[in-house]
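Fit chain L to the supplied structure of chain R, relying on the hints for placement.
Respectively, the protein sequence lines represent chains R and L. Numbered according to full-length UniProt numbering, the first sequence spans residues 1 to 189. Numbered according to full-length UniProt numbering, the second sequence spans residues 1 to 184.
Source of the hints: derived by calculation from the structure; they are not laboratory data. Nothing here was measured: the structure is a model prediction, and the numbers come from that model. Just so you know, even glycine gets a beta-carbon here, dropped at the ideal spot from N, CA and C. A couple of the hints might just be wrong.
Simulated restraints on C-beta separations [unchecked claim]:
| no. | chain 1 | residue 1 | chain 2 | residue 2 | range |
| --- | --- | --- | --- | --- | --- |
| 1 | L | 75 | R | 51 | 50 to 58 Å |
| 2 | L | 125 | R | 133 | 25 to 33 Å |
| 3 | R | 149 | L | 151 | 48 to 56 Å |
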Amino acid sequence: MKRNSRRGSLVIAAVLAASGIAANLAWAQVDAAKSSVTAVARQIGVPMEGKFKKFDAAVSFDPAKLATSSAKVEIDVSSFEIGDAETTKEVKGKDWFDAAKYPKAVFQSTSIKNGTPGKYDVAGKLTIKGKTVDVVVPATYRQEGAVQVFEGALPIKRTVFNIGDGEWKDTSVVADDVQIKFRIVLAKK
Amino acid sequence: MRSTANAPTGYGATAIALHWVIALAIFAAFGLGLYMTGIPGLTPTKLKLYSWHKWLGVTIFAVAVLRVLWRATHAAPPVAPGTPAWQARAAAGAHHLLYLLIVIVPISGYLYSSAAGVPVVYLGLWKMPALLEKNDELKEVLKFVHIWLNYLMAAVVVVHAAAAVKHQFVDRDGTLGRMLPFLR
Chain R
1 MKRNSRRGSL VIAAVLAASG IAANLAWAQV DAAKSSVTAV ARQIGVPMEG KFKKFDAAVS
61 FDPAKLATSS AKVEIDVSSF EIGDAETTKE VKGKDWFDAA KYPKAVFQST SIKNGTPGKY
121 DVAGKLTIKG KTVDVVVPAT YRQEGAVQVF EGALPIKRTV FNIGDGEWKD TSVVADDVQI
181 KFRIVLAKK
Chain L
1 MRSTANAPTG YGATAIALHW VIALAIFAAF GLGLYMTGIP GLTPTKLKLY SWHKWLGVTI
61 FAVAVLRVLW RATHAAPPVA PGTPAWQARA AAGAHHLLYL LIVIVPISGY LYSSAAGVPV
121 VYLGLWKMPA LLEKNDELKE VLKFVHIWLN YLMAAVVVVH AAAAVKHQFV DRDGTLGRML
181 PFLR
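Only chain R is shown next, with the shape it has when bound in the complex:
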């Protein structure tokens, strides 16, 4: 499924008009088939990887213009799938994502800076289950022809977002550390 980055396109249109440079800042579309957002949690040492099947990203990125670059990723948490049907059902339920009440998880960048060589530190606000936390996401970027590829991993503590409430708060069963991994492929238009 392809979705347009409406918001990003407005920003980009403005930048384009101002600068006249089209090189890296262009209306971009998420290539859903090549993009992925996954989360890995451990239960008693066993890695369990789940996948968000629906998300949207509005990214305008130019390595030469970090100050005006930005990224917003919206994840449809009800599209999460992990392990078997029973686990998936539990994880979308009240104690975990509570997808019925909080359908979206959102990352909105506030600044993008050069990080360790080859990486960018994307600072921003991550909102999951109605709780917003400041995070810095280390991401790599590469351009392959007309395609921009962003990859990275963000370690979070699930209990900060009340993900796994009630009896699941016991982090000896499901560990507090969760790794969110993403690969966002944008096709320029």
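Just chain L now, with coordinates in the frame of chain R:
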């Protein structure tokens, strides 16, 4: 108490220890399996019990392999004198079947877990190799196989134990004492 490995009229201490360690571990794993699969939904307790069940299974497999190797290199004592030939054959058949089951029942469970896409992390520390790719159809087949191999093993164990009790209280021929030294 006889403790030499090759005692012609009894089992050695190693064979006796292997027998009872595996018997107790299998009773525990079997009971745990029945209980944990009956817990509705998904709870932390259920996840814990599944892990324990798998760790027990891996342990049983390792000890069972040792036991089969031990048995292959150490003769079992002959049946009690006067035992009808069909009973001797039935006993030998049941023993062979049990030796087979204590090895393949854990394997079937391990493969079931692999097909379900859940690797076994022994004692929560050591990740063991997944022998199969995640595969929902295969998972259902292996679930069925694991369950029914267990029921088959339970049935053979019941016959095996009933025969031991019969030897002890009906035949009074000392057969049970070979595996339970305090009866001697």
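- Item | Hints violated by the structure (numbers, ascending) | Of the numbered hints, all hold.
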